[in-house]
Amino acid sequence: EAGVAQSPRYKIIEKRQSVAFWCNPISGHATLYWYQQILGQGPKLLIQFQNNGVVDDSQLPKDRFSAERLKGVDSTLKIQPAKLEDSAVYLCASSLGFRAEKLFFGSGTQLSVL
Amino acid sequence: AQKVTQAQTEISVVEKEDVTLDCVYETRDTTYYLFWYKQPPSGELVFLIRRNSFDEQNEISGRYSWNFQKSTSSFNFTITASQVVDSAVYFCALGSYNNNDMRFGAGTRLTVKP
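Listed in order, the protein sequences are those of chains F and A. What the first sequence shows, in this note's numbering, is residues 28 to 141, in sequence order. What the second sequence shows, in this note's numbering, is residues 178 to 291, in sequence order.
Heads up, a few of these hints could be off.
[Unchecked claim] One side of the interface only, derived from the structure: several residues of chain F facing chain A at Cβ under 10 angstroms: (1) Trp49; (2) Tyr60; (3) Tyr62; (4) Gln68; (5) Gln75; (6) Leu97; (7) Gly99; (8) Leu123; (9) Phe125.
For the record, the hints were derived by calculation from the structure and aren't laboratory data. Treat the numbers as computed from the prediction; the structure is a model and nothing was measured. We put the CB at the ideal spot given by N, CA and C, even for glycine.
Sequences are here, hints too, so could you generate the full structure?
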């Protein structure tokens, strides 16, 4: 079974630039999550989709972050413009169901904002 | 509010020693789920276990065991006869049944030396 695919693996940008991350969840998984993991901290949920609808985006900084999940499959997360404090690993995860399910994580995208 | 505390930031042991990783949680929910994930150097979080709040039975899986005590709001993880491959960051997480507010602790970095 293919896992959660993410790209790129690494990204280095300057502040105020834009960046986009891509995620393809496990086939058949209805729920997709984007997490931000700052060095030395646990993952923090940014946004959760169930199929192609947003379930929770309460912790997404909407003035600069946006995400979409077209057709309920893969997803993109965008930051525009980036700030220094956005430097982190961005993890995508998926789960079969909705309620506190086992999550399958991708390898993440490590973003450095200079 | 949901909160997970992993007081041990880093633990270092010698191979074959037993080690316990502590996890204390706070929640007002009556139904909730507790998780442990392992994050090896590759970065991908790997699911280890999920327990619901009604099941306080301890669980053993090979060298891994988990001790869930509702009275002290703790869900501790023990590795018996540790191996170098156990070196990773381990995260405890708390999920709500009513939504998918999955909160991760800050993680414990375990180093097993040969």
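Results of checking the hints against the structure:
With 10 angstroms as the threshold, the beta carbon of Trp49/F stays out of range of chain A, its nearest partner Cβ sitting at about 16 angstroms, so the hint is violated. Taking 10 angstroms as the C-beta cut-off, the interface hint given for Tyr60/F holds, the closest approach to chain A being about 8 angstroms. The interface hint given for Tyr62/F holds, since its Cβ lies 8 angstroms from the closest Cβ of chain A, which is under the 10 angstroms cut-off. With 10 angstroms as the threshold, the beta carbon of Gln68/F comes within range of chain A, its nearest partner Cβ sitting at about 6 angstroms, so the hint holds.
For Gln75/F, the shortest C-beta to C-beta distance to chain A is roughly 6 angstroms, which falls under 10 angstroms, so the interface hint holds. For Leu97/F, the interface hint is violated, the least distance from its beta-carbon to any beta-carbon of chain A being 21 angstroms, above 10 angstroms. With a least beta-carbon distance of about 17 angstroms to chain A, the hint placing Gly99/F at the interface is violated under the 10 angstroms criterion. Checking Leu123/F against chain A by beta carbon gives a least distance of about 12 angstroms; that is not within 10 angstroms, so the hint is violated.
A hinted interface residue such as Phe125/F counts as satisfied when its beta carbon comes closer than 10 angstroms to some beta carbon of chain A; here the least separation is about 6 angstroms, so the hint holds.
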